[in-house]
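Peer 1: Given next are the chains, with one letter for each unit.
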Amino acid sequence: GRWTHTAAVEEVRRREAGFVWIGLHEPDAEQIEGVAETFGLHELAVEDAVHAHQRPKLERYDNTLFMVLKTVRYVAHESPDTANEIVETGELMVFLGQDFVVTVRHGNHSGLSLVRRQLECDQERLRMGPSAVLWAISDHVVDNYLDVTEHIEQDIDETETRVFAPRSTVSAEQIYLLKREVLELRRAVQPLATPLRKLADGDTPLVPAEVRSYFRDVDDHLTTVSERVGSFDELLTTLVDATLAKITLQQNTDMRKITAWAAIISVPTMVAGIYGMNFENMPELHWKYGYPLAIGVILGICLVLYRIFRKNQWL
Amino acid sequence: GRWTHTAAVEEVRRREAGFVWIGLHEPDAEQIEGVAETFGLHELAVEDAVHAHQRPKLERYDNTLFMVLKTVRYVAHESPDTANEIVETGELMVFLGQDFVVTVRHGNHSGLSLVRRQLECDQERLRMGPSAVLWAISDHVVDNYLDVTEHIEQDIDETETRVFAPRSTVSAEQIYLLKREVLELRRAVQPLATPLRKLADGDTPLVPAEVRSYFRDVDDHLTTVSERVGSFDELLTTLVDATLAKITLQQNTDMRKITAWAAIISVPTMVAGIYGMNFENMPELHWKYGYPLAIGVILGICLVLYRIFRKNQWL
Amino acid sequence: GRWTHTAAVEEVRRREAGFVWIGLHEPDAEQIEGVAETFGLHELAVEDAVHAHQRPKLERYDNTLFMVLKTVRYVAHESPDTANEIVETGELMVFLGQDFVVTVRHGNHSGLSLVRRQLECDQERLRMGPSAVLWAISDHVVDNYLDVTEHIEQDIDETETRVFAPRSTVSAEQIYLLKREVLELRRAVQPLATPLRKLADGDTPLVPAEVRSYFRDVDDHLTTVSERVGSFDELLTTLVDATLAKITLQQNTDMRKITAWAAIISVPTMVAGIYGMNFENMPELHWKYGYPLAIGVILGICLVLYRIFRKNQWL
Amino acid sequence: GRWTHTAAVEEVRRREAGFVWIGLHEPDAEQIEGVAETFGLHELAVEDAVHAHQRPKLERYDNTLFMVLKTVRYVAHESPDTANEIVETGELMVFLGQDFVVTVRHGNHSGLSLVRRQLECDQERLRMGPSAVLWAISDHVVDNYLDVTEHIEQDIDETETRVFAPRSTVSAEQIYLLKREVLELRRAVQPLATPLRKLADGDTPLVPAEVRSYFRDVDDHLTTVSERVGSFDELLTTLVDATLAKITLQQNTDMRKITAWAAIISVPTMVAGIYGMNFENMPELHWKYGYPLAIGVILGICLVLYRIFRKNQWL
Amino acid sequence: GRWTHTAAVEEVRRREAGFVWIGLHEPDAEQIEGVAETFGLHELAVEDAVHAHQRPKLERYDNTLFMVLKTVRYVAHESPDTANEIVETGELMVFLGQDFVVTVRHGNHSGLSLVRRQLECDQERLRMGPSAVLWAISDHVVDNYLDVTEHIEQDIDETETRVFAPRSTVSAEQIYLLKREVLELRRAVQPLATPLRKLADGDTPLVPAEVRSYFRDVDDHLTTVSERVGSFDELLTTLVDATLAKITLQQNTDMRKITAWAAIISVPTMVAGIYGMNFENMPELHWKYGYPLAIGVILGICLVLYRIFRKNQWL
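Just so you know, the protein sequences line up as chains A, B, C, D and E, in that order. FYI, in this note's numbering the residues of the first sequence are 36 to 350. FYI, in this note's numbering the residues of the second sequence are 36 to 350. FYI, in this note's numbering the residues of the third sequence are 36 to 350. FYI, in this note's numbering the residues of the fourth sequence are 36 to 350. FYI, in this note's numbering the residues of the fifth sequence are 36 to 350.
Don't read these hints as lab results, they were simulated from the structure. A portion of the hints provided could be inaccurate.
Copies of the same chain are indistinguishable here, so a pair counts whether it falls within one copy or spans any two.
[To be verified] Using 25 angstroms as the maximum straight-line C-alpha spacing, the simulated SDA-like pairs for lysine to any residue come out as follows:
#	residue 1	residue 2
1	346	289
2	323	189
3	323	98
4	323	174
5	346	197
6	323	251
7	323	347
8	292	208
9	346	109
10	346	206
11	323	134
12	346	196
13	292	256
14	292	222
15	292	69
16	292	245
17	346	78
18	92	151
19	92	61
20	346	142
21	292	148
22	92	148
23	92	337
24	233	82
25	233	175
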C-alpha cells in the first residue's frame, strides 16, 4: 500500500538506510503542518515555504538545511514583438535532513518528475543520500537557466537583426521588455551563487565530501549563466542607444530625401508663378514656342537638381 | 492608576521579570530628558532621537542598543501623472536595554499600536524580552517597505503601458519622478542591512540566540526589497532612454506622414500653376475637355503618390 | 602680554595641564618653520600644509597626527541659471599632539572662530584635550557639508521644476553645472570617511576613548552627506536624459502643430491655384456665385481639417 | 613504432623521467574514455572536456589539475561595415598530472603545434615538467588575446574616423557590433585571471616554484588585455552617444541649409503670386519695364537673403 | 676616465658605501645583456624592460625590485578642436638592488636628468641609498601626472565653454577625443597605486623605513590624480549627453524660427492666389483700391502673425 510519510520515515530509520523524499505542490499551512512535525522543520522555514516569494537562499537550522531556488521558464512567443512576458518564474524549496528530503514547489513549471526518474536510475548517486537529491535539483534548475538564457540570446539576436534592418520599424518597446525580463532572470540567478558556493565548500555535514564537487560543477554553470545574463544587460542598454541613433539617422536620411523632392517640385511652381504674372509687357508670353520652352526649362532645372541631390546622396 | 516610567522600571526590576516599553512621538529635548536619565541613555543617541534626520543604523552604548529605522509610506495618487510625491519617509528610533524598550517616532505614519497589539497576543515571543519588540518593529517596518515596493512596481508598470501605448503623450517627468522617489526609498532601505545583519549575527548579549534567526528572516526580506528597488532603478534608467527612442520614432513616423500629404497636396498646386501661365500659345487651354482632363491628371498623380506612400508605409 | 608659541608650550608643559592651540592662515614656508620646530612636526606634513591642494587624509607621524579636511561653501546665486560656481572649496589642516593643536587654513571661508568660542564655553569637552578640538573642527566641517548639500538639493528641485514647466526653455547647461559641482563636493566629502573611521576606531592613543564615540557621530553625519551627494549624482544623470526626452517631445508637439497649420493654409492656395488656371472651358468661372462658393469650399475644407487635427491632438 | 598512450605513460614511469603529452581535438565520450582511465581523470572534468562551453577555470582533483582556457581568433574583414563576427572563440582544456599533460581542443583555431615546436627547442623549460606545457599554452593563449585586442583597437580607430568624417553615414550598427564582440572577448579574458593568479601563487605542488613566476608574467599580460578590453567597452558606449550627437548636429545643419534654400525659393513664388492677381487697377502691370523690374526685385531679395544666411552660417 | 658598469659596481662594493645608477634608453636585448649579468637581473624582468608595453607594476625577484611606471606628456595643441592626441605615454623601468639602480626609458619625454641633478644636490636623501632614487623617480612621474591632469582640466573647461556658448557649433568629436585620452591617462595612473602602496607599507627590506613615508606621500598625490581623472571621466559622459540636449534644443529653437517665417511668407502667397482666380464675378477685382487694399490686408496679417510669434518666443 502507499506509505504515510510518518510510516516511511520510521521504516527508513529502522533499517538505518535509504531516505524519504516527500514532494508537495503549493501546500497550504495545514498540509505542511504534519510534514513539518514529523521531520522537525523550523517554523520560519515552513512559513517561507508556504508563502513563497522568497529569494534564493540556503539556511541551516540545527540538523536540517533549507534551500530556496527560483525556477524559470521561457514563455514561447512568435516574435519579441508580440510578447509581453518572456520569463516566468516559480519557486522550489528543499528541506534536507539526515534521512529525508522535502520539496515544495510553487508555480506550474517546476515539475521534478524528470529529476526523480533520472535519479532512480542512478543507484550510485542515490547511495550518497539526500544531498544527492538536492544536487540533482540544483543541477536541473541551473540547466533550465542555461536553456532560458539561450532562448533570450536568440531573442536579442532577432531584435538586433530587426533593429538594424534597412527599413525596419522596431520600436524601443521590445528592447525595454527584454531588459525587464533579463533583470527578472538576473534576480533569480545571481542570489543562488552564495548557497551553491556554501554547499560546494562543505559548510555542513549534511553534504558529504563526494557530493561537494558536484555542487562546485553546478556553481560553475551558474557563473556561466550569470556572466551571460550580465552581458545581456549591457548589450540591451547599448542596443537602446543604438536604436535611438539608428532612428535619428533614418530621420535625417528621410528628411534629406523629402527635402530634395520638395526642392525639385518647388521649381515648376516658381517658374509657372512667374509666367502667370499679368504684366502687359512680357515678351516670352508672345513667343510661339514660349510654352514648350518654359516646360523645357522647368524639366531642365528639375533634372539638374535631381543629379545634384543624387551626387550628394540625398536621393 | 497609570505608571510613571520610573515606577514602572522599578517594579520590573523588583520582580526580576518583564520589561517596560515606553513610546514617544516627536519629543522635544525636555520630554526625553527624564526617560534618558531613568534608563541611562547615552547623550549622543538622545540627541539623535530628538533631531531626527538620521540614517538607519545600530549603535551600542555600554548596555543599551540604539537603532534607527526609516519608515516609509506610499502616498496614494490617482495616476503617476498627477503625483509629486510617491514615497513619504518618517523615522523610528529604538533604545533597547536589559529590561526596557524606548521607541521614538518621527512623522505621521509610523504608528506602532498594531505592532504592540500583535505582540501582546503572542506571549511566547514577549517572553523573549525587549529584543522581541525590536524584532517586531523591524519586521513591521520591512513589511511596509515590501508594500511600498509593490505599489511602486504597479506605478512603473502603468507608466510602461502608457509610454508604449500607440498614441501616448507620456512626458519624461513621470519617469524622472519615479526615479527620484525610488532613490529616496533606496536611501531608506539599503543602510538597514548592516544593522539587521549585526543583530542576526548575535553581535550583542541583549539579543538572545532564539531571537537572532528572526532577525535573519527580516534581513532576508530586506534583501528582497533591496534587490527589487535596485532593479527599479535600472529599469527606470532604461525607460527614460526607451521613451526618448519612442518619441523620436514617433516624430519620424509623423514627419513621414506629414511629408507624404505635403507631397500629395503640392501636385495640384504645381499643375494648376502651369495652366495658370499666360502664354499665348498653350494648346491645352483651348481643348474642350482641357479643364476636366487637367483635374483628372491631378487626381491621377495624387492617387499614384498615395499608393506609393502606402506601400512604403509612410501613410 | 601675548604669548609666543614657544613660551606657551613651555608653560603648558611645566603645568602638566591644558594645551596650546595655534591657528595659521595660508602661512608661507618661513612662517610655519618656527611652529614646526617647536612642536616637532614632520617635514612632509609641513610641506603639505604650505602647498595645500591635498585630499582629505589622516596621517600619523611618531607622536603627532596630521589631518587634512576640505571645507566647502555654497556660493549664493539668484538662480541656477546665472551661476557658474556653486561650491567653493578650501582646506583645513590640523596637527594634533599630546599638548598642542596647530590649525592651518587655506581659502576664505574656513574660519574657526565660531568653533573656538563654542569650545571655550564647553569646559567638559575642553578637558578631554587637543583631540576635542579636532572633533569640534570635524563636526563643524561636516555640518557645513550638510548645509551645502541642502542648498544644492534646493537648486536641483528648482531646476527640476523649470525643466518640466510646460513652456520652459531650460538648457542642459545648468544641469551640467550642477553635476560638475556635485562631483567637486563628492571629491571633498568621500575621502574624509577613512580618516573619521580611523579616529572613531581608536587607531591612535592621541584620541582618548571618550572622544571616539563623538567621531563615530561625525562619521555618521558624513555618511548621510555622502549618500545624498551620491543620489544627486544619479538624479542629475537621469535629469539630463529626461530633459532631452522633454525637448524632443516638445519638438514633436511643435512640429505637429506647425504642420497642421501648414496643411490648413495649403488648401486655399491649392484651390485658388486651380481656379487661376486659364482653360477656356471652365464652367465654374462663369457661375454667378462661383467666387463665394469657392471661398466657401475653401473655408469648409479648412474647418474640417482643423477639427481632424483637433481630434488627433495635433492642435 | 607509435606509442599507445598506455605504453607511453608506462615507459615514462619506468624511467622516472620525462612526461607524456597527449593532444585531442573535439573528442567524443568514447575517445576520451581510455585516456581518462589511464591517467585517472575525474569524471566531472572529463564531461566538461567533452561538452565544451565551459568558462575559463582551474580545478584541482586529487593529483591532477584541470584548466579551461578560451581561445580567441580575430576574424579578418574588409571593414567593420561588412563584418558580422569579429571575434571567434574556441576552447582548450588541459589536464595536468605529475607525469602527463592531456590537452583537448574545441574549435578550429586553437592549434598547439607551434607551442609544441617552441617547447621542444627549449630543453631548459621542458625539464621543469608538465607544468611548463601548461605555462606555454597559457602564454600562447594570452598572447593571442593581445593580438586580437590590437586588431579590435584598429577597428575602433577606423570606426571613430568614419563616424567623425565630415560627410559620413556611419550607422550605429557597427559600433553596436564592436560592443557585442568586445563583451564576448571580455567574457573569455576576465575569468582567466583567477586561475592564473592561483597558479602564480603556487596553490598546488604540481607547479614548481620556478614555473610560478612565469605564470605571474602571463597574469600580468592578461591584466593588460583586461584593462584595454575594459576601456574599449567604455569608449564604445561613449562612441554611440557621440555618434548620436553627431547625427543630430548634422540634421540641424542640414535642416538649416534646406530651410535657407526654401526661404530663398519662396520669394519668387510670393512676388509672382502678387503680380498674378487679377485686379483691374494694378499700375505696375502697365509699366513698360514692370516685368524686368519684378524679376530684378525678386533676384535682389533672393541675394539679400542668401547673404544673410551666409553670414549666420546657415549656408 | 669613465667607469664601465662592472668597474663601478666593484668599486662600490669594495668601499661598502654608495651605489651605482645606470641609465639606458630603449636598449636592445644585447645592450642590456651585460648590465643584467653584472647585477643578476631576472630574465623575465629584463625581457619586459626590452619589449616595453608593460603596465605599471612592482615585482620582487630574490634581492632586486623591478618597477614599471608609465610616463605621460601633455601634447600641446592650439585648441581641443585641432588635436588628435592629447596624452602621449612612455615607459620607465627601474631595477633596484642593494647597491645599484638601473633605469630603462622608453619614449622621448621620460628624461631623468632633472631628477638626477636634484638628487645630487640633496646629500641627505642620497645617503638613504638606491631606494631614494626610486622615490625621486616616482615623485617626478606622479608630479607629471598632476601637470597633465591640470592641462586636461583646462581643455575640458574650454570645451564646456564652447559647447554652451549661444551659437556654438561644437561637435561631439572633441568630447569623445578627450574621453579617449582620459581613459588612456587612467590606464597609466591607476595601476600604479598598488606598487606605491606596497613600497609605502615596507613590503621589502630594500626600502628603509625612513624612505617609506616618502612613498606614502607619492601615493597620496597619485590618489589625488586618480580621483580627478575619475571625475573627468564622469564629467565627459555627462557632457556628451548635455551636448546632445543642447543641439536638440537648438534644433527646436531653429525649427520654430524657421516655421514662423514660413507661416508669415505663406500668407501673401495664399491671398495672392485667391485674387489670381479667374472667376468672372469677383467684385473686389473691380474696386478702385482693390489692389492696395489686398496688399494692405496681406501686410496686416503678416504683422499680426509676427507679433503672435514674438509673444510665444518663436521669433
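Peer 1: So, for every hint listed, does it hold in this structure?
Peer 2: Going down the list of hints, with the structure as the test:
Proximity of residue 346 and residue 289 under a CA criterion of 25 angstroms is satisfied in both settings, with 16 angstroms inside one chain copy and 16 angstroms between copies. Taking the shortest Cα distances, residue 323 and residue 189 never come within 25 angstroms of each other, neither inside one copy (70 angstroms) nor across copies (66 angstroms). In this assembly of identical chains, residue 323 and residue 98 lie within 25 angstroms of each other by CA distance neither inside one copy nor across copies; the values are 112 angstroms within and 106 angstroms between. For the homomeric pair residue 323 and residue 174, neither the shortest alpha-carbon distance inside one copy (93 angstroms) nor that between copies (88 angstroms) is at most 25 angstroms.
In this assembly of identical chains, residue 346 and residue 197 lie within 25 angstroms of each other by CA distance solely across copies; the values are 19 angstroms between and 29 angstroms within a copy. In this homomeric assembly, residue 323 and residue 251 never come within 25 angstroms of each other (Cα to Cα): the closest approach is 97 angstroms inside a single copy and 94 angstroms across copies. Within a single copy, residue 323 and residue 347 get their C-alpha atoms no closer than 38 angstroms, and across copies no closer than 43 angstroms, so neither meets the 25 angstroms cut-off. Taking the shortest alpha-carbon separations for residue 292 and residue 208, only the inter-copy value of 21 angstroms comes in at or below 25 angstroms, while the best intra-copy value is 27 angstroms.
Taking identical chains as interchangeable, the C-alpha atoms of residue 346 and residue 109 are never at most 25 angstroms apart, the minima being 50 angstroms within one chain and 36 angstroms between chains. Only between protomers do residue 346 and residue 206 lie at most 25 angstroms apart by alpha-carbon distance; the minimum there is 20 angstroms, versus 32 angstroms within a single protomer. For a Cα distance limit of 25 angstroms, the shortest separation of residue 323 from residue 134 qualifies neither inside one copy, at 112 angstroms, nor across copies, at 106 angstroms. In the homo-oligomer, the alpha carbons of residue 346 and residue 196 lie at most 25 angstroms apart only across protomers (22 angstroms), although the nearest pairing inside one protomer, at 29 angstroms, exceeds that limit.
For a Cα distance limit of 25 angstroms, the shortest separation of residue 292 from residue 256 qualifies neither inside one copy, at 52 angstroms, nor across copies, at 51 angstroms. In this assembly of identical chains, residue 292 and residue 222 lie within 25 angstroms of each other by CA distance neither inside one copy nor across copies; the values are 46 angstroms within and 42 angstroms between. With identical chains, the CA atoms of residue 292 and residue 69 are never at most 25 angstroms apart, being 76 angstroms at best within one copy and 68 angstroms at best between copies. For the homomeric pair residue 292 and residue 245, neither the shortest alpha-carbon distance inside one copy (70 angstroms) nor that between copies (69 angstroms) is at most 25 angstroms.
Taking identical chains as interchangeable, the C-alpha atoms of residue 346 and residue 78 are never at most 25 angstroms apart, the minima being 79 angstroms within one chain and 61 angstroms between chains. Within a single copy, residue 92 and residue 151 get their C-alpha atoms as close as 22 angstroms, which meets the 25 angstroms cut-off; across copies the closest is 30 angstroms, which misses it. Taking identical chains as interchangeable, the C-alpha atoms of residue 92 and residue 61 lie at most 25 angstroms apart only when both belong to the same chain, with a minimum of 19 angstroms there against 37 angstroms between chains. In this assembly of identical chains, residue 346 and residue 142 lie within 25 angstroms of each other by CA distance neither inside one copy nor across copies; the values are 62 angstroms within and 46 angstroms between.
Taking the shortest alpha-carbon separations for residue 292 and residue 148, neither the intra-copy value of 62 angstroms nor the inter-copy value of 57 angstroms comes in at or below 25 angstroms. Taking the shortest Cα distances, residue 92 and residue 148 sit within 25 angstroms of each other inside one copy (23 angstroms), while across copies they are farther apart (33 angstroms). For the homomeric pair residue 92 and residue 337, neither the shortest alpha-carbon distance inside one copy (73 angstroms) nor that between copies (68 angstroms) is at most 25 angstroms. Taking CA atoms no more than 25 angstroms apart as the test, residue 233 paired with residue 82 passes in both settings, with 23 angstroms inside one copy and 23 angstroms between copies.
Proximity of residue 233 and residue 175 under a CA criterion of 25 angstroms is satisfied intra-copy only: 18 angstroms inside one chain copy versus 30 angstroms between copies.
Consistency with the previously given hints fails for numbers 2, 3, 4, 6, 7, 9, 11, 13, 14, 15, 16, 17, 20, 21, 23, ordered from lowest to highest.
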